[in-house]
Amino acid sequence: MNGELAAWLRLTLIPGIGGETQRQLLKALGDPEAIFAAPSAALRGILGAGLVERLRSHDCHAEVEATLSWAGQAGNHILTLADAAYPQALLTAADPPVLLYVKGDIGLLNRPGFAIVGSRNATKQGEANAEAFAATLCAAGFVVVSGLAAGIDAAAHRGALAAAGTTIAVIGTGIDRIYPARNEALAREIGAHGVIISEFPLGTPPLPANFPRRNRLIAGLGLGCLVVEAARQSGSLITARLAAEAGREVFAIPGSIHSPQSKGCHALIKQGAKLVESAQDILEELGWGHGIAAVSAAPTIDGVAPGGPAADEDPILRALGHDPCDLDTLATRSGLPPETLLARLLPLELEGRIAPLPGGRYQRLG
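Numbering (the numbering used here), first residue to last: 14 to 379.
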């Protein structure tokens, strides 16, 4: 088996021969061993003379040996297009990788997935929303898929894990490298209770071009994709577009018209993404009948059911509302002087009921 796997690795490690060309070779000639044994004449029709010579001569022996050693460690796997454990959902998405590096429970890769993505510079409320939606979707039977980035991605993974659910982290580096470094502990937890996957060889650094490629896998692994918060130029919008192109349902959480982190979500909604206020909205749209009863009491995006009474009647919270608000505006709404407000806001912050934001603003938490 090591000889077969070594040939798969060799095929994917040759510079200049990308995924589409690799799949063309496999379709024409069979498995990688047959590709390397094929006469040059059979290869030239697909590769051209220069790449045929590169396929023959490129030396990646050390990389192959190091990767096989990594794959021999507990919990580490390499899946090829020919493996039954390869995620079948990716076969219907654009550009499925010929080879995947996997750490954790490979059985999760063929469970129903749902992607949750959003801004790296998320608000506290956005992170709380991502955690709540992830927990509820896991309770309904989904595996939460995200990209292990800071902000919304990390919150979605945390929400899934905290609910004793399962999660898939798709990363844009080699699987032996974690980016950003602040998520190293989270990555270890996902490796132990979920699964991490990458299409990039060991040692690959966090190159900017890798992350849009990673996004197509996040989109492809889910039956749907939820964007929690996103600025106009957010990479999450790439994931949403790729999900739509792959025939997946796209959902977005609305926010304040004044918040830059809501502009991308609002743009998606204008383009046809489904506006959601609760995970229940997603389950109903997907027709996920067996999960609906179990999560009928699931929280909505602010911890308050639509049409229901507010859970907290604190006058400061009522004056604050649910959008970010500066101190002067809050003073006008509440009729209290700023110094009194500051004294009242501190206990609410310590209790985790509000969060300070850049620019002297505050936001209520669900």
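Since the hints were made in silico from the structure, they are not lab data. All residues carry an ideal CB built from backbone N, CA and C; glycine is no exception. Errors might be hidden in some of the hints.
Stated by the list, open to error - As a list, the in silico DSBU-like pairs of lysine-lysine whose alpha-carbon atoms are at most 30 Å apart:
1) K276 - K137
2) K287 - K276
3) K137 - K283
4) K137 - K287
Unchecked claim - Computed Cβ-Cβ distance ranges for the label pairs, DEER-style:
5) P218 - H74: 47 to 55 Å
6) L340 - S82: 53 to 61 Å
7) P218 - N15: 26 to 34 Å
8) H271 - T353: 39 to 47 Å
9) G372 - Q284: 39 to 47 Å
10) P28 - P267: 22 to 30 Å
11) G32 - P218: 13 to 21 Å
12) E258 - L220: 17 to 25 Å
13) A79 - A163: 28 to 36 Å
14) T345 - A222: 45 to 53 Å
15) G365 - A97: 43 to 51 Å
16) G32 - D339: 30 to 38 Å
C-beta pair T345, A222: status relative to the range 45 to 53 Å that was hinted: Holds - the Cβ-Cβ distance for T345 and A222, about 48 Å, lies within 45 to 53 Å.
With 39 to 47 Å as the target window, see if G372 and Q284 comply at their CB atoms. violated (29 Å)
Just to be sure I understand the hint, the distance between the Cβ atoms of L340 and S82 should be within 53 to 61 Å; is that true here? holds (58 Å)
Holds or violated: K137 to K287, with C-alpha atoms at most 30 Å apart: At roughly 23 Å apart (the allowed maximum being 30 Å), K287 and K137 satisfy the hint.
Pairwise beta carbon distance, P218 to N15, judged against the given window 26 to 34 Å: holds (27 Å)
Does the Cβ pair G32, D339 satisfy 30 to 38 Å? violated (49 Å)
Using the C-beta atoms of G365 and A97, is the stated range 43 to 51 Å upheld? Between G365 and A97, where Cβ atoms are some 46 Å apart, the hint holds.
Hint consistency between K287 and K276 [alpha-carbon to alpha-carbon, up to 30 Å]: Holds - the C-alpha atoms of K276 and K287 are around 15 Å apart, at most 30 Å.
Are K137 and K283 close enough, with their CA atoms no more than 30 Å apart? holds (25 Å)
Taking 39 to 47 Å as the hint, is the beta-carbon distance of H271 and T353 inside that range? Because 25 Å falls outside the window, the suggested range is violated.
Within 13 to 21 Å: is that where the Cβ-Cβ distance between G32 and P218 falls? Given range 13 to 21 Å: holds, Cβ gap about 20 Å.
Hinted pair K276 and K137, Cα distance within 30 Å: holds (17 Å)
Consistency with the previously given hints fails for numbers 5, 8, 9, 10 and 16, ordered from lowest to highest.
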